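2 protein chains.
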Amino acid sequence: MADKPSVLRETDDEARKLARIILRSARSAAIAVIEPNSGGFPFVSRVLLGIDTDGTPVILVSALSAHTQALSADQRCSLLTGEIGKGDPLAHARLTVQCEAEKVDRDSTSHALIRERFIRRHPKAQLYVDFPDFAFFRLTPLKASMNGGFGKAYVLEGEDLMIRSPAIDDLAAMESGAIDHMNSDHSDAASKYAELYCKAKGTGWKICGLDASGVDLAFGDQLKRLEYEAPLQSKGELRTALVKLYR
Amino acid sequence: MADKPSVLRETDDEARKLARIILRSARSAAIAVIEPNSGGFPFVSRVLLGIDTDGTPVILVSALSAHTQALSADQRCSLLTGEIGKGDPLAHARLTVQCEAEKVDRDSTSHALIRERFIRRHPKAQLYVDFPDFAFFRLTPLKASMNGGFGKAYVLEGEDLMIRSPAIDDLAAMESGAIDHMNSDHSDAASKYAELYCKAKGTGWKICGLDASGVDLAFGDQLKRLEYEAPLQSKGELRTALVKLYR
Numbered sequence: 001m002a003d004k005p006s007v008l009r010e011t012d013d014e015a016r017k018l019a020r021i022i023l024r025s026a027r028s029a030a031i032a033v034i035e036p037n038s039g040g041f042p043f044v045s046r047v048l049l050g051i052d053t054d055g056t057p058v059i060l061v062s063a064l065s066a067h068t069q070a071l072s073a074d075q076r077c078s079l080l081t082g083e084i085g086k087g088d089p090l091a092h093a094r095l096t097v098q099c100e101a102e103k104v105d106r107d108s109t110s111h112a113l114i115r116e117r118f119i120r121r122h123p124k125a126q127l128y129v130d131f132p133d134f135a136f137f138r139l140t141p142l143k144a145s146m147n148g149g150f151g152k153a154y155v156l157e158g159e160d161l162m163i164r165s166p167a168i169d170d171l172a173a174m175e176s177g178a179i180d181h182m183n184s185d186h187s188d189a190a191s192k193y194a195e196l197y198c199k200a201k202g203t204g205w206k207i208c209g210l211d212a213s214g215v216d217l218a219f220g221d222q223l224k225r226l227e228y229e230a231p232l233q234s235k236g237e238l239r240t241a242l243v244k245l246y247r
Numbered sequence: 001m002a003d004k005p006s007v008l009r010e011t012d013d014e015a016r017k018l019a020r021i022i023l024r025s026a027r028s029a030a031i032a033v034i035e036p037n038s039g040g041f042p043f044v045s046r047v048l049l050g051i052d053t054d055g056t057p058v059i060l061v062s063a064l065s066a067h068t069q070a071l072s073a074d075q076r077c078s079l080l081t082g083e084i085g086k087g088d089p090l091a092h093a094r095l096t097v098q099c100e101a102e103k104v105d106r107d108s109t110s111h112a113l114i115r116e117r118f119i120r121r122h123p124k125a126q127l128y129v130d131f132p133d134f135a136f137f138r139l140t141p142l143k144a145s146m147n148g149g150f151g152k153a154y155v156l157e158g159e160d161l162m163i164r165s166p167a168i169d170d171l172a173a174m175e176s177g178a179i180d181h182m183n184s185d186h187s188d189a190a191s192k193y194a195e196l197y198c199k200a201k202g203t204g205w206k207i208c209g210l211d212a213s214g215v216d217l218a219f220g221d222q223l224k225r226l227e228y229e230a231p232l233q234s235k236g237e238l239r240t241a242l243v244k245l246y247r
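Protein sequences, first through last, are from chains X and D. The opening position of the first sequence corresponds to residue 1 in the numbering used here, with each subsequent residue numbered one higher. The opening position of the second sequence corresponds to residue 1 in the numbering used here, with each subsequent residue numbered one higher.
You may find that some hints are simply not true.
Examples of chain X residues lying across from chain D (beta carbon under 10 Å, computed) [claimed, not checked]:
no., residue
1, A29
2, A30
3, A66
4, H92
5, K124
Away from chain X, derived, C-beta distances all over 10 Å, residues of chain D [stated by the list, open to error]:
no., residue
6, E35
7, G82
8, I179
I should point out that these hints are in silico values taken from the structure, not numbers from a laboratory. Being a predicted model, the structure only gives us computed values, none of them experimental. Glycine residues also receive a C-beta, built at the ideal position from the N, C-alpha and C atoms.
Assemble the whole structure, with the sequences as input and the hints as a guide.
Below, the structure written as structure tokens:
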């Protein structure tokens, strides 16, 4: 058997964008880890998923869970995202990301920001996020493979899933205020974005994330991701980008 | 940290039954394997799931896929099943089963039966099941862990997920005919079973599997599992069981 199956397609910008959208619109993921004291047996479970401002996937996990104990012993893990949707489960695009997990120090400034973004994405996590046995892990993508449906396989680099921009920190500092402003003073914008760019219906959409690479939209159980054509390069570009999308 | 987290509950028959239902009603699963030539890195992807007549999970996979190449090199794998459903993804029960995979010989009698059951469960698989690069693997459960929602964790043995009965082969031999008979001559039975025992709605349900331990019910994208109180011990008990359920 060839190392590169014949079904593998050339990874282009469209494939990279689809992969980012699959990852960044996922509420939960299947995570594979190595079971401790098993001689290397794989173990898969389900976790809630968030995304840090630089695109790094983030999970919030209990120290009592098997996957957390596993990640503490071996940081290598694999994330599966992509909704199953209607019809054949294998007809829908899904993404496997090979990652290295690192626990987020509770006293770090990045912890506060990750916590805030995560709760906006998963409001019910507020009930347990501050429990002493819960912790965030950042999962740095090393490489990925996407299956866009039968016969459409792509290989990606970890870098393809990252957000790179000099504006990341400035945007993070203003994110919460900008979201409040948009959801209260331009309350129809999120639903319009969802309809125009994410094939989503309904008028109850809210913005739950703003970063250099795009917008997270939430409505009940649904989460959608709008990706800009290119990352914002300064915080001043945010307003222009949001106005332009509201055509 | 204690080896047994305090959230672990005693595994009783109710938990075992719930675990069987989660596994046997799954259309697809996340499967974790060890990535070949990676030094033991876990890798997770999505597969269609079937169940053999003895309860063993079955997958149909292409030799071109990463998980198949992985299983050919290392038979250890982990299966995650359990629908995400509405609301918090972690509020829904899910099951992790640690398994050893074994390829099913295409010329074996068990292959013909597995193929027939799999296609009844996944009719669209008929399009590719006979492609030369596709193969079935049986995944023998070694042990399992179930998370029934927050604070409800259970450990199970592989045996808890198996079907044990002297009637397995006799029932398998008559399965196809019995299903045809039920779906044509008692066409309302499947919808009645789905409503009475699986909290399911609609009148379009069909039986797609009959084994010593219960009934598989399908309607469009939905798959439900009805488990008998105890496995049938002879093929003669099938009719009685189905009549009794149709109260």
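These are the hints, each one checked on the structure:
For X:A29, the suggested interface contact is upheld, since its CB lies about 9 Å from the closest CB of chain D, less than 10 Å. Interface restraint check for X:A30: the shortest CB-CB distance to chain D comes to about 4 Å, inside 10 Å, so the restraint holds. The beta carbon of X:A66 is positioned within 10 Å of a beta carbon in chain D (closest approach about 7 Å), and the interface hint is therefore held. Proximity of X:H92 to chain D holds as hinted, the smallest CB-CB distance being about 9 Å (cut-off 10 Å).
Among the interface hints, the one on X:K124 holds; its C-beta lies about 5 Å from the nearest C-beta in chain D, closer than the 10 Å criterion. Annotated as non-interface, D:E35 brings its C-beta within 10 Å of a C-beta of chain X; the closest such distance is 7 Å. Once the 10 Å rule is applied to beta carbons, D:G82 is inconsistent with being away from chain X; the minimum gap is 7 Å. No beta-carbon of chain X is positioned within 10 Å of the beta-carbon of D:I179; the least distance is around 21 Å.
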